[in-house]
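K.L.:
Take a look at the letters that make up each chain.
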Amino acid sequence: MESLSAASYQALYLLFTGDSSLWTIIGISFSVSVRALLYAAPFGILTAFVLAYFRFPGRRLLVSIFNTALSIPAVVVGLTLYILLSKAGPLGAWRLLFTQDAMILGQMCLCFPLLVAMAHSALQASDRRAWETALTLGASPLRALLTILHETRFGLIGALVASFGRIIAEVGSSMMLGGNILNYTRNIPTAIALETSKGSFAEGIALGMVLLFMALFLNILLGQVQGKGEVIQ
Amino acid sequence: MYKKIRLLFSLCLLWSLAIAVQAAPLRMATTTSTQNSGLLDILLPAFQKQTGVEVHVIAVGTGKALKMGRDGDVDVVMVHAVAAEEKFVAEGFGTDRVQFMYNDFVIVGPNNDPAAIKGVKSVTEAMTKIQGSQSKFISRGDDSGTHKKEQALWQAANIQPDGNWYIEAGQGMGKVLQMASELDGYTLIDRGTWLAYKGKVDMSLLNEGDNQLSNPYGVIAVNPAKHPDTNYADAKKLIDWVSSQDGQELIRDYRLHGEPLFIPLLLK
Amino acid sequence: MTLDNNRPWLKLQKLTFNRGERIILNNLSLDFRAGELTLLTGQNGSGKTTLLRILAGLLKPRQVGFEIAGNQRNWRQSYRYLREQICYLHQHPYLFDCSVYDNIAYGLKRKKLGRQAIGAKVAEALELISLEHLAKRNCHELSGGEKQRVAIARAWALSPRLMLLDEPVSNLDKRSRGICYDLINQLQQQQIGVVYTSHEPQTGKLNLSRHIHLYDGELSTKPLQTTYPPTVIDLVKERAGK
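Respectively, the protein sequence lines represent chains A, B and C. In terms of this note's numbering, the first sequence has 51 at position 51, counting the first letter as 1, and numbering is strictly consecutive. In terms of this note's numbering, the second sequence has 41 at position 41, counting the first letter as 1, and numbering is strictly consecutive. In terms of this note's numbering, the third sequence has 180 at position 180, counting the first letter as 1, and numbering is strictly consecutive.
Chain A on its own, in the form it takes in the complex (with noise of 0.2 Å):
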């Protein structure tokens, strides 16, 4: 039986003497899931702040909707974008299935509710007095909407790791809307399934540790950040 030290040990092999298909795989996992959140990170955050600091009715009804979608699992999200845009669906005339954009769509799709639910706690928890100290000395409303976002920075960015690691880590809706192309829309998540499939765990080790380097490298960086944050308090 080929012991896990012996996969891990072939793992560091590959992704240190560069292997180029892992390293492809690697690329393209960051590439679609940074742009997946810079594209979900601005609406997120703006429906988080209407959340937080507009009274309308419905509001709570939302925020329950947007808790709620945190648990809804990543293939469910595969799913019905895959019947949208499927030929027959109707998207299907845009011809996103099995493209990069498709799988940006879903990873979208994952991490707007986590984007909201905890970009609007970190909202929710600030002070009110910054909107309406920021609106007294003359900003716009949407200079003091900046204003509040940098005030509350550090939660946000808190948010945003949390919701990168949600999406770089996924598989069901990546496979399902992505299609594991080599070399287009295969990922770190979607190769593991694969080259677990395939019995050649080595690779699948090697990608999994790329992920947790990377989980501990984000988290290292989010404890500065708020370290940082709390010293300021």
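None of these hints come from the bench; they were simulated from the model. Hints are not guaranteed to be accurate.
The calculated BS3-like cross-link candidates involving lysine-lysine, where the alpha carbons are at most 27 Å apart (straight line), are [as the list claims (entries may be wrong)]:
1) C:K174 x C:K147
2) A:K87 x B:K198
3) B:K87 x B:K148
4) B:K49 x B:K237
5) C:K147 x C:K111
6) A:K87 x B:K200
7) A:K87 x B:K175
8) B:K236 x B:K226
9) B:K198 x B:K121
10) B:K198 x B:K148
11) C:K11 x C:K111
12) B:K175 x B:K129
13) A:K87 x B:K118
14) B:K237 x B:K268
15) A:K87 x B:K129
Knowing the structure of chain A, use the given hints to seat chains B and C on it.
P.N.:
Leaving out everything else, chains B and C in the frame of chain A:
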């Protein structure tokens, strides 16, 4: 008193051992396409009825199925990848390999058949036409039996599949068929999966019948010399049974959507 | 633009504000003149802060009218003007998470002033509050009194017509109070109107123009002719006596 406890304890141990031996089901790794064909749902209950052995089926890709056998995680493997099977046996991981049936692969594609492969006798010629017309071809790309067959066919056609038209999906057969349907591409598929899915996709069967498309199935016991804790006795029972007259007749008479799917190899 | 001291630059008319069923402010009218120092008193929950926030254009009341430079305006037409001309300071002023300098520069940047103009104005503001040495300090490191002064300087830098100070001295020690009163007097000398609220009319140091007392959502004003305070006017009792 002490003796009594010891006796009781030994009895319990014996009893639990007996249970363990009796209840241990036969673990079989096979491919998803084999399971999707529905044949096992007919074959295995009949086997259990005759021998009392219950079979737990773990359906994975060919590579993983063989890997599970290699690691001793299963007792018997049923796959369809001749070269990999031979290697598995040659390396001493498998024993008692029997080729007991076959089905065939077909090429399916868009209804309008842009590469005009319909009716072409030779499958290598059909594949040359697909490449020549730069029509999309969706490959399993997952080291499965089907993928290996496809690679062998490209090789036979003297083509190095590469470029935008050749899409390596890395997913199971059902998913790859859906992708081919969505992307208007061709793909190589085993007849069983095609029959199971053809109502759900907007595609046609375009090429079949070439000898090269035959797909023999092998069943292999995991070598007890490598993994003594496997259930070799029941594995052997299964291998003998699928090769027997009863098993072979069941395979011959199996119908999927009214069509025969497998041809037994050992029917007398 | 110079304005005649005796002519109000802003008239608040028929202000009504309610929270649900409860009427907080009922049909109030008030005038504002340049350089006027107004003390606003009233019990907890009498609507002092609400009135200030409406004046600052931060809160939309159910009903209100404004007369700005002789023109009648509704809330929608005036709130931007109010935000421009009037600065509201919270009881505990909010300072942004950056340096003292950047805090004071915040409003100036919104006015699209050049770097040098901003620098000069911030220096002037720091001189006003005598905190030049803290310019680079992050605001979270300041004491309560220093925060209050920075907030006043930040508002002053924008040259508002009117500054609304919500209980500016209630949480300060004696020394800081003194500094704060001096600052308010300086604002008044520069023709900046000030409305400040307080529980205790302990205003010996201030040159009050009028005292407004909120009672039961309505207004009792007593324009002051002489130096304040000859006596502490208890308008509540006066009303009750009527």
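K.L.:
If a hint holds in the structure, say so; if it does not, say that too.
P.N.:
Tested hints:
1. At most 27 Å may separate the alpha-carbon atoms for a hinted pair to count; K174 of chain C and K147 of chain C meet this at roughly 15 Å.
2. Of the pairs offered as hints, the one joining K87 of chain A and K198 of chain B holds, with about 16 Å between alpha carbons and a cut-off of 27 Å not exceeded.
3. Restraint check for K87 of chain B and K148 of chain B: the C-alpha separation of about 14 Å stays at or below 27 Å, so the hint holds.
4. A C-alpha spacing of about 13 Å is found between K49 of chain B and K237 of chain B, which places the hinted pair at or below 27 Å, so the restraint holds.
5. This hinted pair checks out: K147 of chain C and K111 of chain C have alpha carbons roughly 23 Å apart, not beyond 27 Å.
6. For the given pair, K87 of chain A sits about 13 Å from K200 of chain B by alpha-carbon distance, which is consistent with the 27 Å threshold.
7. Distance check on the hinted pair: K87 of chain A and K175 of chain B sit about 15 Å apart at the alpha-carbon level, within 27 Å; holds.
8. Of the supplied pair hints, the one linking K236 of chain B and K226 of chain B holds, its CA atoms being roughly 16 Å apart against a limit of 27 Å.
9. Distance restraint check for K198 of chain B and K121 of chain B: the Cα-Cα separation of roughly 22 Å lies within the 27 Å cut-off, and the hinted pair is therefore satisfied.
10. Annotation: proposed proximity of K198 of chain B to K148 of chain B holds, straight-line Cα distance about 23 Å (limit 27 Å).
11. About 25 Å separates the Cα atoms of K11 of chain C and K111 of chain C, which keeps this hinted pair within 27 Å; it holds.
12. Of the supplied pair hints, the one linking K175 of chain B and K129 of chain B holds, its CA atoms being roughly 24 Å apart against a limit of 27 Å.
13. Simply put, K87 of chain A and K118 of chain B have alpha-carbon atoms about 24 Å apart, close enough for the 27 Å limit, and the pair holds.
14. For the hint linking K237 of chain B to K268 of chain B, the alpha-carbon distance of about 19 Å falls within 27 Å, and the restraint holds.
15. At most 27 Å may separate the alpha-carbon atoms for a hinted pair to count; K87 of chain A and K129 of chain B meet this at roughly 25 Å.
Comparing the model with each earlier hint shows no violations; every hint is respected.
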